[in-house]
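Number of protein chains: 2
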Amino acid sequence: MNLLPQGMQTLIDALGALPGVGSRTAERYAYYLIRHDPAKAQQLASALSGLHSSIAYCPKTFALIDADETVSPLYEDPKRDKTLVAVVAEPLDIVALEKTSAFHGTYHVLGGLISPIDGVTPDELHIRELVARIKEDKVQEIILATNASVEGETTALYIQQQLEGSDVKISRLARGLPVGADLEYADQITLSRALEGRQLL
Amino acid sequence: MNLLPQGMQTLIDALGALPGVGSRTAERYAYYLIRHDPAKAQQLASALSGLHSSIAYCPKTFALIDADETVSPLYEDPKRDKTLVAVVAEPLDIVALEKTSAFHGTYHVLGGLISPIDGVTPDELHIRELVARIKEDKVQEIILATNASVEGETTALYIQQQLEGSDVKISRLARGLPVGADLEYADQITLSRALEGRQLL
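Chains as they are written, first to last, in the working numbering: chain A, 1 to 201; chain B, 1 to 201.
Bound-form chain A, shown alone (with noise of 0.2 Å):
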C-alpha cells in the first residue's frame, strides 16, 4: 500500500534526482507545493518546461545566453577587455566573479574539468576554442580561473602546457588564506600556498 498518493510520489521522485535532494528533502519540497498555492506549482513547471528551448550556448564564449541571441551580451560589451579572457569551468562561475566587480575582461567557458576518474578528457573541453580565440581576439592575458581543487589544478597546468610559445601571459587566481579565516584552523596545504604567494608590504 502507498502510503502517499501517486501524483505526490511522483513528484517526490523526480525531485529527488535533484542535486542533493535526497527522498526527505524531496517531501518536504513536494509538500510545501501542495499546501501551497497551486498557482506557485504550475509557475515552475512552466518555467521548467520552457527551460531548454529558451537557453543556448554562446558560440563564442560557451556561457548560457538567451535562445534569440547569438553572441554573450557580456562578449559584445564594447566597456569589456576582449584581450583579457578569464578561463573558468562553468556557466555559473561567471556570476561568482561578476559578482566581485572586480574583472573588466570577457569569458571563456570550458565546460567542465579534466577528470580522469569521471572520464573527462581534454578533448570533451572547449580548449581548441580558447587557442583559437586567443589568435582572434589578439588575447594578452588569460585568468585560469578553475576551482583550486585537483581536477582545477590538472585543467589549469593542461592549458598552460597548450599555450607553451604563445606570447600571451598566463595567471592564475592566487591561492592562500580566505578573508576573514584563522591561520591557527587553515589546512597545510592552504596554509603553505599562503607562504609560497606571500606579498611583499
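This list has only true hints and no planted wrong ones.
If we take Cβ atoms under 10 Å as the criterion, some of the chain A residues that face chain B in the derived model are:
{"no.": "1", "residue": "G7"}
{"no.": "2", "residue": "H36"}
{"no.": "3", "residue": "K40"}
{"no.": "4", "residue": "S46"}
{"no.": "5", "residue": "A47"}
{"no.": "6", "residue": "A63"}
{"no.": "7", "residue": "A67"}
{"no.": "8", "residue": "E69"}
{"no.": "9", "residue": "E98"}
Bear in mind the hints are in silico, worked out from the structure with no lab data behind them.
Each residue gets a CB set at the ideal place from its N, CA and C atoms; glycine is no exception.
Once you have looked at the hints, place chain B on chain A.
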C-alpha cells in the same frame, strides 16, 4: 545586463520559493537540469502540473489521498485498529510513523499545530473532526503524536482539555534520550523529561 539567460533566471526564481532553497542552491538545481537530458526537466514539469489535480485530502483522517479515492486506504484497511488513533500535525508524519512498523492503529491529521505567533488557532485544525470521530469509531485510545516543540505541546494540551470528561484514554509519545545519544550532551529539558519518564525494570 543579465548574467544568466531569462529562462534560467525564471527557473531559479521559481525554485528559490521552495523551503530552505536560497539563490545558490536554486542556481545549482537549474544548472543541473540544463546540463542533463531535457526529458528530466519535462518529467519534473509534468509531475508539477498534475500535482494538485491528482491529490485530495481524506475527509475522515485528513491524510493525503489519490483524487480518485474517497477515504484513506490505510483507514479502510480492515487490519488497522480504528479504535486506536494517532494524532499527527502533518500528512508526512504518517510516513515517519509507518516506517517504524510499530503502530497498527489509524491516523488523524490536524493540518498544523496551534501557533499564536503564526496566527494558527485551534479552529483551523481538524480537532472538531477528531472529537466527532471518537464517537463514530468508538475510539478507545488517542496517542498525541505531535512534535516535541512548544507548538506541539500546546496543541497536545489543548486536545487533552477538549476531551476531558470523555472516557477515551489519552497518551503522548515518550520524551527522553534519543537512541544512541550521549547523556553528557543531552540538553537539560530532555534529560529532566527522561528522568520524569524513567521506567521500572
